[in-house]
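Respectively, the protein sequence lines represent chains L and G.
Going by the numbering used here, the first sequence opens with residue 1, and the numbers climb by one from there.
Going by the numbering used here, the second sequence opens with residue 1, and the numbers climb by one from there.
Derived from the structure by calculation, the hints contain no laboratory data.
One or more hints might be untrue.
Said to hold, decoys possible - Within a straight-line C-alpha distance of at most 27 Å, the following computed DSS-like cross-link-like pairs (lysine-lysine) qualify:
| no. | chain 1 | residue 1 | chain 2 | residue 2 |
| --- | --- | --- | --- | --- |
| 1 | L | LYS63 | G | LYS42 |
| 2 | G | LYS59 | G | LYS133 |
| 3 | G | LYS59 | L | LYS63 |
| 4 | L | LYS74 | L | LYS63 |
| 5 | G | LYS28 | L | LYS74 |
| 6 | L | LYS74 | G | LYS133 |
| 7 | G | LYS28 | G | LYS87 |
| 8 | G | LYS59 | G | LYS28 |
| 9 | G | LYS87 | L | LYS63 |
| 10 | G | LYS74 | G | LYS42 |
| 11 | G | LYS133 | G | LYS74 |
| 12 | G | LYS28 | G | LYS133 |
| 13 | G | LYS87 | G | LYS74 |
| 14 | L | LYS63 | G | LYS28 |
| 15 | G | LYS133 | G | LYS87 |
| 16 | G | LYS133 | L | LYS40 |
| 17 | G | LYS133 | G | LYS42 |
| 18 | G | LYS42 | G | LYS59 |
| 19 | G | LYS28 | G | LYS74 |
| 20 | G | LYS74 | L | LYS63 |
| 21 | L | LYS74 | G | LYS87 |
| 22 | G | LYS42 | G | LYS28 |
| 23 | G | LYS74 | G | LYS59 |
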Amino acid sequence: MHCNEIQNLILLEDSGEITAGQRQPLAGHLEACADCRALKTELASLRQTLGTADLSRITPSRKVLETIQTAARKPHPRFHWHLAQPWKVALATAASLTLCLTGVQVMNSRQATSNIEALAEQLVILQEENLNAADDVAAEDFTLLEDGLTTTLRGNSIPASPRGKDV
Amino acid sequence: MDGTDEQLINLYNQGDTGALDTLVERYKRPLYSFLWRLTGSKTDADEIFQDTWLRVIQKAGDFQQNRFRGWVFKIAHNLVIDRSRLKGRTVSLDAPAGNSENDGTLGDLLQDGRTRGADEQAYHRDIRRDIEKALVQLPKEQSSVFVMRMTLDMTFREIAELQGITLNAALGRMQSALAKMRDLLREHQPE
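With the rest of the complex left out, here is chain L (with noise of 0.2 Å):
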């Protein structure tokens, strides 16, 4: 066996992983070869030298311990509260669907009223146009913005002003 191999063994005998069928390989390499005896005496100084260390006072600073704690205690974001508190989860979702019923339901109601005023607007300037001015051309205008205001309260069910129908 090469040495190189040789000190794979070294490594593994060293922690704890060498096979049997290794063993015997190993042991007579090591007769013959300075060079991998003198790995093994390396290994084992440099733990006796590491091992000297006191690593009491190597520590992270407190900032840091202080921040993992904070945000341990934040809400997980994939597991906790749903599956501890289900009904919140119902709750959230109820609360949610309702709001954004109510909130289609505004928009349609503002968008219709919003119409209906802008073409009452129009239709009271012509009114007065064609009163004050006999003109025939506003007159005609007048009738098609009243056509058109009749259609979008039918459209909206609001039942048109009978003054709409004396204008």
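Here the structure of chain L is known, so what remains is to put chain G in place on it, guided by the hints.
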């Protein structure tokens, strides 16, 4: 709080924040010393330690592995590698082992130190500082194998799995780390 690491992370997933505090406390020293030895900087070790746990918190719901220890060190190791790549400190992923002209071993160097007459404690302190300095200069892929094996007592199979490499690659990185450390320590040794 008692329980295995895996039980604690599952408790945390069920809303028990105290379980995570216990895990942080349990891993405070080994994880921090691992980071400190790899980076050689308290600031870097602090930042990566914090980022590691923030990622643990973020990904806790996805935890499906057998061993929490492997998972948390894998996260930390990847963050160290990312940071070193960003800083451009890593020389190469698997650079060839040390100087072929070198005829000494770490064992010889350590023995030489003893014969200089320094007392045992002071000797160990000095040589340890040299090792720590040398570690910072190694490519992170190699120094992390060295630290995981020599100070955290992880097996090579565990290291290989954690780093996503083959067993032979882990052994090769360890051999390279030892050879380079031999060269670096030689440079640090007084004439």
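Open item on the list: Tell me the hint numbers this structure goes against, listed in increasing order.
Closed with: Of the numbered hints given earlier, those the structure breaks are 2, 6, 21, listed in rising order.
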